[in-house]
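Whenever a hint applies, use it, and build me the whole structure from the sequences.
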Amino acid sequence: RKEVEQDPGPFNVPEGATVAFNCTYSNSASQSFFWYRQDCRKEPKLLMSVYSSGNEDGRFTAQLNRASQYISLLIRDSKLSDSATYLCVVNIGRRAGRRALTFGSGTRLQVQP
Amino acid sequence: DAEITQSPRHKITETGRQVTLACHQTWNHNNMFWYRQDLGHGLRLIHYSYGVHDTNKGEVSDGYSVSRSNTEDLPLTLESAASSQTSVYFCASSESGLAGAKEETQYFGPGTRLLVL
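Protein sequence lines correspond, in order, to chains A and B.
Just so we're aligned: the first sequence equals residues 50 to 162 in the numbering used here.
Just so we're aligned: the second sequence equals residues 85 to 201 in the numbering used here.
Just so you know, not all the hints are guaranteed correct.
Chain A residues, not near chain B, derived (Cβ > 12 angstroms throughout) [as the list claims (entries may be wrong)]: (1) Arg50; (2) Glu105; (3) Gln112; (4) Asp131.
Capping the alpha-carbon separation at 27 angstroms, the derived lysine-lysine pairs in DSS-like fashion look like this [claimed, not checked]: (5) Lys141/B with Lys94/A; (6) Lys94/A with Lys51/A; (7) Lys94/A with Lys95/B; (8) Lys51/A with Lys95/B.
Derived from the structure by calculation, the hints contain no laboratory data.
A virtual CB, placed ideally from N, CA and C, is assigned to each residue, including glycine.
Structure representation (structure tokens):
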């Protein structure tokens, strides 16, 4: 079983739609969670961190469910520019300050006009 | 502006040759990482370093080596290139210190596309 699993998609949605991605992680000791965005043939970039209480950044909302070990990303009012691959990222390190992130394979989103 | 660069951006080599990919960051980050990205596998960690003279193996380290002689650079060497090492290679860096989203955020270089024939 992969440590971080995502539905690869693609998710094809019209502009203005709301879309949600889920990601599951296997290590219950995981402490930090992130969503990164990767455009085609480019480097990944941090989209947002995921906090236990859930957090929102404009049209993007991230949620963490520790009991079920999954993370979600909700995108409201999708824009063409949201088309990208979204990577779920988990820190499964054990020592404070010394951590290596584990990346999911990514979920591809295609927003259509 | 601080940044992280990789060179070369594209490389074609033959099996058996030694290849070195460069990574240079100007953020003064202690942590540096090398990943490879292949279809169906996402980003996989090759090697990482938490400071000068510190190196650690990641999940796919066989056939690769790194050395950290200063804060800014973490070159990745393929000792004897194999066709299975054809991939896109990303270098990343992050701050050290206590856990926290800001310190853990990894900043990626633009990537190196390597083709081993």
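Straight-line alpha-carbon gap Lys94/A to Lys95/B, limit 27 angstroms: 24 angstroms, holds
Separation of Asp131/A from chain B, once the least beta-carbon distance is taken, above 12 angstroms: Given that every Cβ of chain B is farther than 12 angstroms from that of Asp131/A, nearest at about 20 angstroms, it holds.
Verdict on Arg50/A as a residue remote from chain B, using beta-carbon distances over 12 angstroms: Since the minimum Cβ distance to chain B is about 14 angstroms, Arg50/A lies beyond 12 angstroms and the statement holds.
Distance restraint between Lys94/A and Lys51/A, which requires alpha-carbon spacing of 27 angstroms or less: 22 angstroms, holds
Given as non-interface: Gln112/A, partner chain B, CB spacing beyond 12 angstroms: Check passes; 15 angstroms lies beyond 12 angstroms.
Closest CB of chain B to the CB of Glu105/A still more than 12 angstroms away: 15 angstroms, holds
Hint consistency between Lys51/A and Lys95/B [alpha-carbon to alpha-carbon, up to 27 angstroms]: 30 angstroms, violated
27 angstroms limit on alpha-carbon distance, applied to hinted pair Lys141/B and Lys94/A: 23 angstroms, holds
Of the numbered hints stated above, the single one contradicted by the structure is hint 8.
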